[in-house]
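So the protein lines, in turn, are chains A and B. All residue numbers for the first sequence refer to our numbering, where the first residue is -5 and numbers rise by one. All residue numbers for the second sequence refer to our numbering, where the first residue is 244 and numbers rise by one.
One or more of the hints may lead you astray.
Unchecked claim - Which residues of chain B face chain A? A few of them, derived with a C-beta cut under 7 Å, are:
{"#": "1", "residue": "G288"}
{"#": "2", "residue": "M290"}
{"#": "3", "residue": "T291"}
{"#": "4", "residue": "A294"}
{"#": "5", "residue": "L297"}
{"#": "6", "residue": "T298"}
{"#": "7", "residue": "A326"}
{"#": "8", "residue": "V327"}
{"#": "9", "residue": "G329"}
{"#": "10", "residue": "E331"}
{"#": "11", "residue": "D333"}
Said to hold, decoys possible - Calculated pairs, DSS-like style, for lysine-lysine (alpha carbon to alpha carbon, straight line, at most 27 Å):
{"#": "12", "chain 1": "A", "residue 1": "K99", "chain 2": "B", "residue 2": "K284"}
{"#": "13", "chain 1": "A", "residue 1": "K21", "chain 2": "A", "residue 2": "K63"}
{"#": "14", "chain 1": "A", "residue 1": "K83", "chain 2": "A", "residue 2": "K63"}
{"#": "15", "chain 1": "B", "residue 1": "K272", "chain 2": "B", "residue 2": "K284"}
{"#": "16", "chain 1": "B", "residue 1": "K309", "chain 2": "B", "residue 2": "K284"}
{"#": "17", "chain 1": "B", "residue 1": "K436", "chain 2": "A", "residue 2": "K99"}
{"#": "18", "chain 1": "A", "residue 1": "K21", "chain 2": "B", "residue 2": "K284"}
{"#": "19", "chain 1": "B", "residue 1": "K505", "chain 2": "B", "residue 2": "K483"}
{"#": "20", "chain 1": "A", "residue 1": "K21", "chain 2": "A", "residue 2": "K99"}
These are calculated hints, taken from the structure and not from any lab test. Since this is a predicted model, take the numbers as computed values, not measurements. C-beta atoms are modelled at their ideal positions from N, C-alpha and C, and glycine is treated no differently.
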Amino acid sequence: MSRTLRILVADDAETITTLLMTSLELKGYEVVTARNGIEAHEFGMNEEFDLVILDQLMPGLSGLEVIRKWHDEGIDVPVIMLSGVDDEKTVVDSLDLGAVDFVRKPFRLPELMARIRQRLRTVESDGTEQQADDKNGSAGR
Amino acid sequence: MEANQTAVLIVLIVITIDAVLLASLIILKGIHRRRMLGHEKRRAGYMTLLAHHLTYPDSTEPIGRKTAEDPAFLDAVIDLRNAVAGPEIDTLARIIGRYGMAGAQARRLRSRFPLGRRLRAAVALAEMGDESSAESLMEFLGDREPEVRIQCARGLGRMRWTPAIDAIVDRFNVETPWVRSRFTSTLVGFGPKATWPLIAYIRVNHRFESAGPSAAIRALGVIGDTQAGPPLIEILEEAKDPEIQIAAIEALGAVGGPLALKTLIREFDSDDWRLRAKAATAIGDIGDPLAIPTLAAGLEDTDWWVRRNSAAALTRLPGGQWALYDALASKDRYAQDAAAEALADAGELIAARSREKSGTATARDQALLSHMTPEYSMTGS
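Chain B on its own, in the form it takes in the complex:
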C-alpha cells in the first residue's frame, strides 16, 4: 500500500516537473518571439528613417543616441549598406561615425562577452565596413576564435584596407585550412594589390610549408594579375613539393602569357603524371593554338588523366578539334578513345549523327561514328 503511494507520488512529482518545464519553455519561447517581433518592427521603422536620410542626405530628421544603440537600428544600417552603392554608403558612414556605432561594436569585440556576442560584433564590424574600426579588426585577426578572425579579415577586405594584406598573408602558416580558404577569398577581393605580398610570402615559405603557400598560389591564380606570371614560373621551377607545383601550374593557366605557355609545355616532360595532367588543363585555360602539338602528343601519354585532360584541352583551342580527329586514326587505341570521348563531349558526335541522317556526313564524321558506335562500322554507310 505504502509502496503504491510512493509510486503515485513519484509519478505526480515527475508530471509536475515536466509541466513546469514545458510551461517555462512555452513562456520563454513567447518572450523570445515577442522580442523578435519587436526587433523586426523597430528595424522596419528605422529602415524608413534611414531611407529618409539617404533620399535627403542633409536631412535633419533626428536619429538620437538611444536609437543608434538599438541592435535593430544596427541591423537596418547593415541591410541598407548592402543594398546601396555610391554616395549612400558615405551617408551611412556619416551616421555610423556620428553615433559611434563602430566603436561600440569594437568595444563588444574587446569585451569578455561569450563568443556569440563577440562574433555578432565582429560580423557587424565586417558588414559596416567602416574605416574607423580597421585598427580593431587588425588587432583581432589573431583572435582565439576562428570565426572572429574570419570576420575581421572579411571586414578589412570590404573596406579595402591595404595594410591588412600583409597581416592576413602572415597568418597563412598558422591557420587551419578552413580559415585559410576564407582568408584567401578576402585577399582575392583586394585584387592586384595583393599580388606582391602573396608572392613575397610564397617565395619565403614554399620550401618549408605546403598548405599555406599552395593557398597563396591559388589566390594569385584567381586574381589573375599577369605580373604574377614570372614569379610563378620561378616558384614552379624551384619547388619540390607536388602540391605547390600543382598549384603553380593551375595559377599559370589562369594568369597566362607566352612565358607561362612555354613553362607549361616543359611540364609535359615531368615524371609525375599529376603535373603533366594539370599542365594539359592549364594549357587549355591559356587557349594558345601553339600548344596543339604538345597536347596531341599528350593523347598518347601512359596515364589516362593526361590523355583525358589533353583531349579536353584540345577541344578548347582554336583548331584543336582537327588534332582530335587526326588522333582517331592513331595507332594508339588509348589516344583514339581519349580523342573520341572529348569530341563527343564537345557535341561533335550529336552533330555527326545528325549529318549522317541527312546524308551529309563527312569522312571525319564517319570516323567518329565508327569509333563511338562499333556496330556502325559493320552496318555503316
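Chain A extracted, bound-state conformation:
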C-alpha cells in the first residue's frame, strides 16, 4: 500500500498557502504550511517531506537562505521555488543551491500541479526502487 506523500508549502501570502493546500489536499496529498522562512526551516529540520514548495521572498529567512541552511545541515529534500522576482540571478542561485524547479508568480495552477506531480513521481519511483533494494537485500541475507 502506498503512503500519502507529504508536502510543505511555505509562503507568507495566505492566498498562496490556502490555494495550494486546498488543491494539493484535493489531489490526495498531505500538506503542511509555513508562513515564514524560519517556520519553514524548523519544519524541514523536524519533519520529513517528499517535496517542499518554497517562496523566495519571505520574512525571517528567504527561500534561498532556507535551502542553504538545509543544505549545510544535511537535509536533502526536493524544493520547487516560487518567486515573484523575475531575475535570472534568483533562478540560477535557486537551481545551483539544489532547487529542482523554479516557478514564477503569478503562476498557472495546472502547470504548477503538473510540475509537482512530475517531481513526486520521481520521489515515488526512488522510493519503490529503495523498497525493492531493501527487499532484495533482506532476501539475500
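Put chain B on the given structure of chain A with help from the hints.
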C-alpha cells in the same frame, strides 16, 4: 461652600462624560475588531471554496448569491485574481460574471455613497479586471474624485481595454500632475498599442501645453517602441518649450535607432546647457560608439553638467573609456576632472591602484592615479 459643590459637580460630570466616551470607544473598537475577525475568517473559508473551483473548474460546489454578495468573498476573489495566471483567471471571471459581482460594484460606484465606499468599489473593479465593467470604468474616468479616476484607469489598463487609451490620453491636459503620472503608468502598461494615440495627442498639444505632452513623451520613452523615433525627432525639432524638448531627448535615448543618434548629436549645438546635458545622457543610453567624438568634445563644454554627463556616457560606450583616458592629457583642466571622476566611478581608479601595488600599472593607470591623488605625482613611481 456652594461654589465648592458646583466645582465638584462639574468635575463629576466631566469624569462621567469621559468615562462614557471611553467606554463607547472601547465598545466600538471591540465591535470593529470582531467584525474584522469575522471578515478574515469568512475570507479564509471563501478562499478554500474558490481554491476548490480553481482546482476543478467544473466543480458543482455551491457558492450561492448570499456568499457572492459578502465583501469577504469579493476580497478572496481579488486576492486569488492577483495570485494566479492563465485559465484560473477565466474561472474567476466566470464566477464574477455568474453572480454579477462587477455589476454590483459598478452600482456602488454610481451611487451617492461617501467617497470611501465609492473608492472601494472602484478599487474592486480595477482589481477584478472584468471586462463587463469596462463601460462603467470609462464613464468614471471623469469622476470628480482623483483617486476614483486613477482606479478606473488602472482597471481599464489591467483588462487591456484599448478604447480606453484615447480616453485616458484626452484627460492629460486637465489632470493634476499626480493623476497624470498614474495615468502615464497605466498607458505604459498598454505597451506599443498606446504609441500612436500618445503621438497624436503630443502633436496636437505640444505647442500649447507643457506638462501633459511632456508626460506623454516620457510614457513613449518607457514604452520604448521604435516606431515612436521619427515622430519624437519631429516633435523635438518643432518644440520651443524646454520641458518638452528635454522629455523628447530622454525618450529618444530610450527608443534609440540611428536617426535618434544623429538628432541627439545635433542637440550638442544647442545654446541651452540643459538640452546638451540631457543629450549626453541619452546618447549614453543608446550606446553607439559613433558618438564618442561628440561626447569627447562634450568633456570640454562650458557647463559642468554637460561635462559630467558626457564623461558618464563615455563609460557606457564600447571604447569610450579610451577617450576618457585621452582627456586626462587634455589642456582643459575641467575636461581632465570630468574624465578622471567618471573613470573613478567606473571602478578604474581601484583597478589602477591594485595594478600599481602589484607593479603592473600602465601609463594610463599612472595618469589616472596622478590626477586623482596629487601626492602620487610627487612621490610616484
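What hint numbers does the structure not satisfy? The structure breaks hints 1, 11, 13; every other hint is satisfied.
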